[in-house]
Each structure stands twice: as C-alpha cells, then as structure tokens.
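**Student:** Spelled out, the chains give:
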Amino acid sequence: MARYDRMSTIFWVGVAMAICVESIRLGIGSLSNPGPGLFPLGCGLVLGIVGLIAFGRTLKNIGEAVRGLWNSETQWGKMISIIVSLLVYAFLIDLTGFRLITLVWMGFICRGIGRMGWKTTIFTSVITTFFCYILFEHYLGIRFPRGIFGL
Amino acid sequence: MDILQNIGFGFSIAFTWQNLICCFLGVLVGTLIGVLPGIGPSATMCLLLPSTYYLTPTSAIIMLAGVFYGAMYGGSTTSILVNIPGEAASVVTCLDGYQMARQGRAGPALGIAAFGSFIGGTLTVVGLMIAAPPLAKFALRFGPPEYFSLIFLSFSILTYLASGSILKAIMMAAAGAFLGSIGADFITGDLRFTYGSLTLFDGVGLIPVIMGLFGIAEVLENIEKKVEKREIINTKFRRLFPTLQDWRDSLASISRGTLIGFFLGILPGGGTIISSFASYGVEKRVSKHPELFGRGAIQGVAGPETANNAATSANFIPLMTLGIPANVVMAIILGALMIHGIRPGPMLIREQPELFWGVVTSMYIGNAMLLVLNLPLIGIWVHILSIPYRILFPLILLFCLIGVYSLNNNIWEIIIMIVFGVIGYLMRKFKYEAAPFIFALVLSPIMENAFRQSLLMSEGSFSIFFTHPISCALLITGFVLLSTQALPWFKRKPFVDEF
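If you read the sequences in order, they're chains A and B. Each residue of the first sequence is one higher than the one before, starting from 1449 at the first, in this note's numbering. Each residue of the second sequence is one higher than the one before, starting from 35 at the first, in this note's numbering.
Because the hints were derived from the structure by calculation, they are not lab data. It cannot be assumed that every hint is accurate.
Claimed, not checked - Taking lysine-lysine and the DSS-like style, the derived pairs with C-alpha atoms no more than 27 Å apart in a straight line are:
1. K465(B) to K259(B)
2. K259(B) to K1526(A)
3. K463(B) to K1526(A)
4. K1508(A) to K322(B)
5. K259(B) to K463(B)
6. K1567(A) to K1526(A)
7. K465(B) to K1526(A)
8. K1567(A) to K259(B)
9. K463(B) to K1508(A)
Could you put the whole structure together from the sequences, leaning on the hints where they help?
**Tutor:** Structure below.
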C-alpha cells in the first residue's frame, strides 16, 4: 500500500497545476524576451511532471513506501496546542507588548504542554522573559512593541 | 610567499579580542546545540542572526562558522553516549560509537572523534587556503550561462546524493525554486504571486522558512511522541586519549575522512551529512574486518567524524569563490553576508581580504578551542544531555518567535514560519527532504536571473548554454548525473516495508 505517497504526490501535482495557471496569467513572454511567468512556469511543469511520474510509480508499486505515519500514541492535542499558541502569540504581540505576551505564552507552554508544576512554570516564565529582555532589548537593542499597557 | 603573508594577515584579524570572543561564543554555542538533540546548526544560526547586526561582517561570519563546525564536534557526544545523534551528520557515529561506549570505551570513542575532527578540520582549512584563490580567479570567466549551468549542476548533485527518493528531491527542488520566484520580478518589476501582501513584495524570507522547516517542525516531530527517558552510558572519562593501537587503527580512516570531507564539501550540493555517510561506507568497504562495523569498530567513528568536520571548512569554498552556497548552512551565511551588504563571489577575496583570511584563519583557532572544550569539559556536556526536552522545547520555540519577529517586526513573518513549520513536519512524515527545497529557494533567484540574461544575450537561443565551453561541460555533467539516476528505474522493485 502506498496510500500516503499517492496522497502527497496528488497534492503536489495540484500545486503544480495552480502554479502553471498563475504563471501563464502573469505572462511568459518569448524566448528572446522572457516574461515574469516563464521561470515559475518551468518550476510548475517540473513539479507536475515529476509528481505524475512519482504517482505512476506508486500505482505500479515501485520504490519504497511511506508507512505508519501516525498511531494511537501520537499526541495531537499537544501539537495543535503549540501551533495555536504560536498563532496567538503572533497576533497579540503588537497589542499586549512583547514582555506580557512572552510571560503568558511561556506560562501556557510550560504548564499546559510541558506539564510542569506551578512553581516551576512561574519561575521558568519569569526568568526566560527577563533573560530575553536583557539579551534582546537591553544588550542587542532590538525594539519590541510595548502594547496598549506600555509594558 | 603570498599565502604565508595572507595567513599572517588573517591571524592578525582573527586574533583581535572581538573576533576571539566571537569565535569562542560560536564554537561554544555550536557544541551546545550539537550536544542537544532537537535543534540543529541551521536553526541556531538563524536565531543568532539578529545578534550579528551589531558586529563587523568578519566577526559575524567567524561566529556563525564557529557554530557550524562546533555543532559537528558536539554532535558526536550524544551519538556515542546516548545513541541519539545531536545533529544529522553524526547519525552514522551512533552505529559504532555507542557500541564502543557500551563496551566501556566511551573515552577513546569521544577522544578519537575530537582528535579526528580537529585533524580533518585544520587540514581542510589548508586546502581551503590553497584552492580558493585560484578558483576565484577562474570564476572571473563565469558569465550568466556559466552560472545557470553551475546551479543546474548543483541541483543535479543534490538530487543525486539525496538520501531518500530522487523524485521527491526533484519535486522539492522545483517547489523551492517556485517559492524563490515569489515577489517583485527583478527585470520587469511585476509582482508575482504576492496577492496584495506587502510582506511578500521582497519575496518569501529565507529565515522564517528555515526556522519553520528546521525549528518548529523539529519540535512538532519530537513532541508528538511520548517522551522516553534517555539512557546515558555511565562511564568514567579519565582515559579520553586513545591508545597507541587505537591511533594505529584510526590514522588511515582519519586521512581518508579528510579527503572525502574535503572533496564532497567543495561540491555545491554536497555537505557534512553526505561526507560522513560516504566515509563510513568507504571504511567498511576497505576494512579487513567489515563484520566488526556496527559492533564498536573505532574506524567507524574516526572516519565519519573527521569527514563531517572536513566538509564544514570545504563548504566555504564554493560560497567564497563563486557566491554559490553548498548547502543550507552556507545559504544562511550568504544571508548574513548580504545583511552586511557583501555579495560573495569571485571578487570577494580581492575586495574583502580581511573577511576571507580572517574567517579562514579563525577556523584554526576555533578548532583548537573545540579540542579544549570537548575533551576536558566532556563531563559538563554529559550533564547538559540530562536536561529534559520539556524544558528545551519552549526555549527553542521562543527563540524561533523572537528570531523571526526581530528581523522586521512583522507578525506575518511569524505566520510564514508557523506555516512552514507545519509543512516541514508533514514533509518529514511523508519523507520529503527539506535540503533541496531550501537550496532551491536560495539559488533560484540567481538561476532565474542567469537564465533570463543568457536568453537576452543570445536573443532567445538555447545554444548559448552549449557554445560556452565551461557552461557546456557543467550542463553535460549535470545531465549525466541525472540520467544515471534514471537508469535504475527500469529495474522494478516492489515496495519495501520501512518497519
């Protein structure tokens, strides 16, 4: 069974088709005066053609198959929580300021995902935020947002 | 005489306090991240990029280079003591290094890895000094068709040496090349695939993509599994110096490892991982007792560890002479140089001699520092190994966030990093390699520029790539490599279970 390989190659062939359509829309120009779409079109064609060959090989069971990607022990909750927390950090950093969001985010990651005790969580979050402030803002002079609280 | 003068000039640069401190910090951080599984040199160098804004270009590159070869030293420690490679180039060291440790010979294994790395690293620097200046002179003959063909050859080598499926490697190279074309077209000024996003006007940033593919994806991959307690081999580190017999057994392996690392490191598309695997293969093949490999053969540690360090210095040759990064790490160094307004290429040695000779000679100093850091202080690195991953991963994630945000204070670059983190995680699961993707992302703008300029020069004729002798030779070599890859497809093989 090469189900996963079929899925992934079909995905890339789809991406290649989208690239080709958009590249043609940009204008491929001529060989003596290449347009902005020519090079991306070439990339899309290579991706699509090689993807189709790879897909064909999965149908004929040639090559090495990818198997057993996930199982019952896969910790989906933790992975999704990390991704969501990173997104929240990105969207809130300008609003809340660097120091506050870093403190809260570290607390969430240490307690919620790392399963640390409360004391360790608070200690790690405060120390990390302070260290980041000293290193990046004070020493390296990087200006981070202060947010609506001016922190 | 010229070269001696240049070495003297280089040492006068490398021995300034600022450069010595940068070199020490680089090798220290490199060893640390080499020891710690879960973060590699690429992500670390990205994290350190903001700190280089305030350094001179020479100091910045000395520090980043130190991280790279320091990681090669540190990576062997975890391979030998825990059977977990600290970074990818030390994977093969696990096979015999861990077995040596189980037999109570962790000291000689760590010792020969450190000495081999030192010998390989320093000898290759000599090669770098000798090879780079004439190669740079030769590269002055390169025009757009030659650059296009050279990059084509680089892609061919990269896919030829890919550890997984060749087809998947080509697909990743094509996808990376497409990604590199996003942003304003450098000839017409048209915006390509930006869809109104200001962040994408200058293209997709290299740093957010690398942080995502190597930092976030690594954390996601590690966090999905239930954490197993690492078993660290409990050994005394009094006898770190290999015995006379160990030296006799390893000397030829170290010599071969140096040569393999140097020549594979020079090739654009080659690198430390390939060098260490090639060295292990060669050692096993030339050994009179190949059956001992995998059971604690010291040659299986000495060869690969020497080769991966030799390759780190050799990797600088294509970057410093042609402006072509040999791998992802060199692409980051290229990025760091460009941040400082320096475009590496054939003129670099002439126009920035303090940068070239300062960085090269600092590698001698860095390798000597690493020998001191890795042997007497091995006990400290072993203690660092016992830091649980639940403490490490929040720090890795936080440094990724800060590293990307501090580039332009742009939250959309964090979003790009997160997206590529998820993509990178899926690529790892579906066995798509990230290296060709990043490599193409970096090189595709240069390749497209060379391709379009060549066509403009020849008024649309592809013959320009074949009428220029250097370009023709490079293209033919590339095609030969690709076609040798295609030949085995005619032999059908059934699917092989991975487990």
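**Student:** Does each hint fit the structure? Answer for all of them.
**Tutor:** Evaluated hints:
1. Between K465(B) and K259(B) the alpha-carbon distance is near 18 Å, which keeps this suggested pair within the 27 Å criterion.
2. For the hint pairing K259(B) with K1526(A), the CA-to-CA distance comes to about 10 Å; that is within 27 Å, so the pair holds.
3. Pair hint K463(B) plus K1526(A) holds up; C-alpha atoms about 17 Å apart against a cutoff of 27 Å.
4. Pair hint K1508(A) plus K322(B) does not hold up; C-alpha atoms about 41 Å apart against a cutoff of 27 Å.
5. Under the criterion of a C-alpha separation no larger than 27 Å, the hint pairing K259(B) with K463(B) is consistent with the structure, at around 13 Å.
6. Restraint check for K1567(A) and K1526(A): the C-alpha separation of about 21 Å stays at or below 27 Å, so the hint holds.
7. Between K465(B) and K1526(A), the direct Cα distance comes to roughly 22 Å. Compliance with the 27 Å bound is thereby established for this hinted pair.
8. About 26 Å separates the Cα atoms of K1567(A) and K259(B), which keeps this hinted pair within 27 Å; it holds.
9. Between K463(B) and K1508(A), the direct Cα distance comes to roughly 22 Å. Compliance with the 27 Å bound is thereby established for this hinted pair.
Violated hint: 4 only; the structure is consistent with all others.
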